[in-house]
Amino acid sequence: MELRSYGKILWRRAWIIAFVVGVVVLYAAYQYYTLYKTPGELKAYQSTVIARLGLQATPNSSDQYYSDYQSTSEALADEFVTGPLLSSKEFATQVQQQIQIDTQNGEVHGDLGPWQDIAAISSALSATRTHALVTINALWSTAAGAQAIARAAGEVCVAHIGSYLDYEVRQVPASASSSHPPVSAQIVSAASDPALVAGPAANKPLLLLVLILLALVIGVALAFLIEYLDDRIRSRDEIIQLLQLPVYGEIPRSPGKARSGR
Amino acid sequence: MILLTTPMPYPDQALAAANVAIASAQNGTSTVLIDANLRAPQLHLSFGVSAPTGLNELLLTQQNATPQASGAALCATDVPDLRLLCAGEKLAAPRELQRLFSTRLSSVLTNLRTWLQEQEQQASLIIINGPPVLTGVEASLLATLASQTFLVIATGRTTRTQAQRAQEQLQQAHAQLAGSILLNI
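Protein chains in written order, with our numbering: chain W, 1 to 262; chain F, 1001 to 1185.
By construction, these hints were calculated from the structure, which means they are not laboratory data.
Since the structure is predicted, the reported quantities are computational estimates derived from the model, not experimental observations.
Any given hint might turn out to be false.
Stated by the list, open to error - Reference excerpt, derived from the structure (chain W facing chain F, CB under 10 Å, subset only):
| # | residue |
| --- | --- |
| 1 | 189 |
| 2 | 231 |
| 3 | 232 |
| 4 | 233 |
| 5 | 235 |
| 6 | 239 |
| 7 | 248 |
| 8 | 251 |
In this text, a Cβ means the ideal position worked out from N, Cα and C, and glycines have one as well.
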């Protein structure tokens, strides 16, 4: 079959392609509109705070345990970053309470977004580490909110890391004066200015575009399938091929529906 | 004598036979167009004629139908050299039609031929617009009497299976299937 006959088939069955593509385009448009309207999906703000995790230095600690302390600190930092602590409910609750305190103190202001949603806070936090230096990322729909969360997370680490991380199981909380030092955190770099980055659903528009292209391909395939299944006769060549009979004439379409006689 | 028939019934199928008949008449040949599609007669509407006597009445008449009776049943049309034998009025039931076709059709057509030979100096052409092949045996019966049969195919409506089955049925009836005509409905 030559290209022109393909084109004719597609034109004849264009309604199938239009229908399939139309339905998918509507769906994709709706999805994109929902993403566009939800703040923080396509683009979000990110703020980071860097803290050092390690064992609390005491006046009478000696350098001979330095390498042990170093490896312990790194192990603790790894536990913090890759473990379930950051996304736990307790941590998020404490962050939220910290934001509350910060707001009352006037240290944070502006549009903080839905900061009272514990689940939203815990899903906004993530972390990476280099040795014992932990970088906590806060990804949020508003700029001020991202910075407030990062700041609060740093503050919670400094104040409460001992209740999350430890290198032994203790019955009573450790204090700085015990012989075995507790785990502590120290803010190295305060919450950074919020930067606009790609949000969590940033690759969705691309997927929707691919979906539309796929719908087009499927539409074309369906059109050819329906054409194949349709066994009606359309041209004189088909008759000659099918019946092996010569075609003696072709009577054209009668103009208009008026049955005036001829 | 030419038979034009379609595989399945279509609303405008008589157009093909009408067109061929008009073309032949305009060419100078004396033409008689017979509307043998007794279940759905259309030609009397197409040509705007009405006749009390048609093929139906000729088939129902008693044994001694004469060439004169056949000749009298023909109507003139607006096209010179073209005469029409309508389907008739008060059409018989389908079973009855089958019986009539198988028993009396050949004598009716022979009478008509005789009358034409007496009337016309030159050769004349009889074109029969037959009923659909696949809906009954009348088309096959007509095909045995016709010298040539043409299958009228409606583009966009006739399926390949229908066309093939119609061809098989006509061939089983030993029809002289000469060719096909495309009808662009």
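Interface hint check: residue 235 (chain W), Cβ to nearest Cβ on chain F, cutoff 10 Å. Holds or violated? 7 Å, holds
For the hint on residue 233 (chain W), just tell me whether its beta-carbon gets within less than 10 Å of chain F. With a minimum Cβ separation of about 5 Å from chain F (threshold 10 Å), the hint on residue 233 (chain W) holds.
For the hint on residue 251 (chain W), does the least C-beta distance to chain F fall short of 10 Å? 5 Å, holds
Evaluation of the interface hint that places residue 248 (chain W) against chain F, nearest CB under 10 Å: Holds, because the Cβ-Cβ distance from residue 248 (chain W) to chain F comes to roughly 4 Å (cut-off 10 Å).
Given residue 239 (chain W) as an interface hint, is the shortest Cβ-Cβ distance to chain F below 10 Å? Since chain F brings a Cβ to about 5 Å from residue 239 (chain W), closer than 10 Å, the hint holds.
Would the hint on residue 232 (chain W) be counted as holding, given a Cβ-Cβ threshold of 10 Å to chain F? 5 Å, holds
When the nearest CB of chain F is found for residue 189 (chain W), is that gap smaller than 10 Å? Since chain F brings no Cβ nearer than about 76 Å to residue 189 (chain W), farther than 10 Å, the hint is violated.
Hey, does the residue 231 (chain W) contact hint survive, CB to chain F under 10 Å? Holds, about 4 Å.
In this structure, only the earlier hint numbered 1 is contradicted, and the remaining ones agree with it.
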